[in-house]
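There are 2 protein chains.
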Amino acid sequence: MKDSRNIYLTNIPLKEAQNQYIKTVNFNDFYKNTEKIPVYSSLKRVSAKPVFAVKSSPNHNAAAMDGIAVVAEKTYGATEMTSVELKIEEDFTYINTGGQIKEPYNAVIMIEDIIKINDDFVKIHEPAKPWQHIRPIGEDIVAGELIISANHQIRPVDIGALLAGQIRTVEVYPLPKVGIIPTGSEIINVEDELEAGKIIESNTSMFAAMIQEYNGIPKRYPVVKDNFEEVKNSIKQAVKENDVVIINAGSSAGSKDFTVDVLREIGEVIIHGVATKPGKPVILALVDGKPVVGIPGYPVSAYFTIEFFIKPLIAKYNKQMMTKPETVKAVLSRRVVSSLKHEEYVRMKLGKVGEKLIATPLERGAGVTMSLVRADGVLVIPQQLEGYDGGKEVDIQLMKPMEEVTQTIVSIGSHDMVMDLLGNQLHQINSQLFLSSAHVGSLGGIMAMKKQECHIAPIHLMDTNDGEYNKSYVQQYLKGQSMALIKFVGRSQGLMVQRGNPKNIKGIEDLQRKDLQYVNRQRGAGTRILLDYYINNLQIDPSMITGYEREMTTHMAVAASIAGGTADLGMGVYSAAVTMGLDFIPIAWEDYDLLIPQELLKDEKIIGLLEVMRSKEFIEHINSLGGYKIDGIGEIIYI
Amino acid sequence: MKDSRNIYLTNIPLKEAQNQYIKTVNFNDFYKNTEKIPVYSSLKRVSAKPVFAVKSSPNHNAAAMDGIAVVAEKTYGATEMTSVELKIEEDFTYINTGGQIKEPYNAVIMIEDIIKINDDFVKIHEPAKPWQHIRPIGEDIVAGELIISANHQIRPVDIGALLAGQIRTVEVYPLPKVGIIPTGSEIINVEDELEAGKIIESNTSMFAAMIQEYNGIPKRYPVVKDNFEEVKNSIKQAVKENDVVIINAGSSAGSKDFTVDVLREIGEVIIHGVATKPGKPVILALVDGKPVVGIPGYPVSAYFTIEFFIKPLIAKYNKQMMTKPETVKAVLSRRVVSSLKHEEYVRMKLGKVGEKLIATPLERGAGVTMSLVRADGVLVIPQQLEGYDGGKEVDIQLMKPMEEVTQTIVSIGSHDMVMDLLGNQLHQINSQLFLSSAHVGSLGGIMAMKKQECHIAPIHLMDTNDGEYNKSYVQQYLKGQSMALIKFVGRSQGLMVQRGNPKNIKGIEDLQRKDLQYVNRQRGAGTRILLDYYINNLQIDPSMITGYEREMTTHMAVAASIAGGTADLGMGVYSAAVTMGLDFIPIAWEDYDLLIPQELLKDEKIIGLLEVMRSKEFIEHINSLGGYKIDGIGEIIYI
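Quick note, the sequences are listed as chains D and A, same order.
So the first sequence is numbered by our numbering: it starts at 1 and just counts up by one.
So the second sequence is numbered by our numbering: it starts at 1 and just counts up by one.
Hints are supplied without guarantee of correctness; some may be wrong.
Copies of one chain are not kept apart here, so a pair can be met inside one copy or by any two copies together.
Computed cross-link-like contacts, BS3-like style, restricted to lysine-lysine with a CA-CA straight-line distance of at most 27 Å [as the list claims (entries may be wrong)]:
#1 Lys-479 with Lys-23
#2 Lys-87 with Lys-123
#3 Lys-352 with Lys-15
#4 Lys-487 with Lys-36
Hints listed in this document are in silico derivations from the structure and should not be mistaken for laboratory results.
Computed from a prediction, not measured in an experiment: that's the story for all the values here.
So here's chain D without its partners, still in its complex pose:
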């Protein structure tokens, strides 16, 4: 493998990079290829020319009401006292809304204001003014009138107006075509067999969907191996066939990252590296005047880079303004630090607890796609700030509608997969309710409850004095507050070990063995407290346990480490072991309950949650998993 690397990237502020880059693009050729399309199918297309009405609407003098058309002058004698009689097809004719007013008629009397004498005669008690209840020609649209200007993105109401003005076709710009080239010798498509060392290509399908939402036409090319010539040929072809080209990945500075060299050879690299996190190693280049963008490989970096650079490009092709994302004010639940090297985009979870909107940062790794899936919004930390303190009010750019945030039960505390299943079941039964879970361990959950940052806190904390769960912790940490526990599940805790237990692990005492790598849970997690209780009983010195300091925040992460071979054993719940195909050595049963303020038990969202917890369907599902006891599920224990 060669060791020719471009380790120097520039660090240009985002706004500057965006402005500098877009100025270099040649958009002119694109705008020349206008096309005429039927108005029927012009939704979201952009007019290349102003459109003037061909015909007026209405195109005749039309009745504005159901009633009779009359000659106004013949009605002048009518008063409350004196009626005037009118003869059908001589003095009047019945007419419906929209009907044409023909000579000699020049007024309409509403159906409510006439008295029918027989099939031939009606009488009226009020005269008609000339042209009353008549929509004159062109009341809505006058022939020759401007209906939409050029550069206008066509909406449903425009389609209505264009048709009413007898416009059949409209001349529009093409939609920008965006070619997307996945690269990487280790990359496979989702349909392929996932062999060891391979990675499923997921970014470019995400890009394609984003581009659709921006109103562009994505075209995904086959995966290209890490080979200079192949990458070059693929880009050249994509540039011919598209208006914008995206290459993913190879934009950074590794030995396989020769995208930038290819682009230097066949075009011009305008910028390589911007001062954002994630998204730094982007390449902004031109080939034949068309934008070619190298997007970093990590999915979160990739997502933001597409937002930063492809979105404004497509808006510009479509002659549309960039609109600012909707933002809300929220209070940070904890400190968020950031470097002075870059502007940082932090995915945030929002929770409406009481009157406060609380914002909590999600995992910040550029590789954690799920942080984007779970995010309610984004906190942008400017480059010149080192972050924000907890309690600070900040602006959050929304990624979900605020209505959804408001309808979300916020859970902070210990992790168990039954929480995910509960959340799913809740939303499945009532699509207007959501449950969001943050995993900070049981004590973390109690602290969040104390700071009023959550509605519920799942906890499993053993009182080492009497072996009872949860209650004494609540009494200690939330003294004097009217709290309750919603009984959830009893669950089996134990040691997860590799399938077939090749290292012949028997119990907690084996943690002292020098040939074993342990993987731990973070401080404050109930599972950690449980482990510490047992090793303390056995008088094992934690510093003697290899891997004691390697901390994971969920059962599944612990299980995954063991399955992946980076650890031999870890403490966790039965369900996690089963899911990851591990063996399980049971140690103890514990109570996994939901802590909640008593007053919230009357909240509609919580009532919905309790209904789901107590439902036969949900209980049966939990029971079928194994490793759980469901006695008393949904019962309330007042503290």
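Following the hints, position chain A against chain D.
For chain A alone, kept in the frame of chain D given last:
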């Protein structure tokens, strides 16, 4: 024609009608027809089941950085003072981000932190900790983890996460199919010849586009004549083929409005008539448990009725929440009255003038499609209010992004088609700039300027003392303010008469003729002042002019009345006469200029406008129209 009418409609509040109706619909059968589709093409579809990851992501322990994979234990001797040398493929191997960490390696050192000795050896000055810079299996997604819950509308980031978890297909609900039946014997398609008395069908194509935006699948049926059996058969067929059916129009109470009778015969009418304006005569019915909605014929009523009833239905089929429209606070420029009989939806124009956001009501007729095209937002006046006074701060539901409102030059004043052309040219040259024109006549424009409701006011006001235009009016009404006039066009005013001048009209003196119907402009319009000046000179008594009191607010409306035969002559500009195919008897040239506060001449939007006014392209275009003089166009006259 029969005279059997359903003149009694109910008057149920909107919220109540929506809730009552949606409860009666049977959604269950719809949710049973789930389908499995590739994740690639699942954007905006709604998951019918929770989706759990098949594989972890990454599915191997992977390098998190470009660098070398090492055995951590072999690096422990390295310090700032003492380097450790490592041999390729023995102590280390080069690795790129994402590459698989294979036995025996258990750490990664970043490329920046190694010193290359030669092709076979590198040295390091810092030890590696076990598992540093390694993404463990499942760091992003753990096999078995919930990626998306049921009832989740799939976004681009979900597609990325699903693929990363090796999900190939996803089970989703169908998209709701909406059948749309246009009815009416006078209705034709836009492709057809527009014969006298016919109306081009435009509503149902607008509906189809709206339904697409709501995430439903519209299907437009052929136009059905006003015939009970034909309407019945068409509805029956559409109900078989769709989840929702819309009939337009025939929902009111005219003799041809038998939709309600058809629905009573083949289904159940839940509600007929709601307390909204527009939108009152809606029919909410069920046929075979499916919603069938009769939509009123007037386009504005139709638009709102679709928003009121079809949008929430589709959201419910798609298990999505209804989100509230974005609203802004704005100050009413004038009084808006409303009846206690209904909740009213008034289309509004917004303008950002200085720091104030000004809201001005547009035409309120249910037939004026262009009021929807022009609207920036909607003011909802509750049923229990009789309206709002001018100056009151109100909530406006936005129909356009606020960025567009902010970038709009607000013009209030006299109407001329050159304003539309200027607005179009401005947006064509710079798609980030908009011009909105309200037509209230010249004096109305001056008053709007006085109240700081507009940026510019197009005026053409003759000083009857000296025949000079505009200046003296500005000095009189805006005394002491630093104003300017931007010279626009000289234009030819005259009498518009029917083509070929069949009534042999020669000049103003003919207005006294008893055989002629005049059509006038509104008080305060420059054209009205001009007319009054001439008839005063000729000592003609206005009350002797037939039609003097019939007022239109634009030249085109006057021209349309003459072309439509409801008037014989009216005063207006040459271009309007030409557009409507009328003859023109010139009377006078006048100065049509743009009034503007001097300080706004430095505003970027205005600078953009001036550039366009002075551009060769625009001047040539105006010149080619005839009836305009362009001497001095774009010059500034300080007052």
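Against the structure, the hints come out as follows:
1. Lys-479 with Lys-23: Neither: 62 Å inside a chain and 45 Å across chains, both beyond 27 Å.
2. Lys-87 with Lys-123: So Lys-87 and Lys-123 pass the 27 Å test inside one copy only (9 Å; across, 111 Å).
3. Lys-352 with Lys-15: between (32 Å within a copy, 26 Å between copies)
4. Lys-487 with Lys-36: neither (65 Å within a copy, 37 Å between copies)
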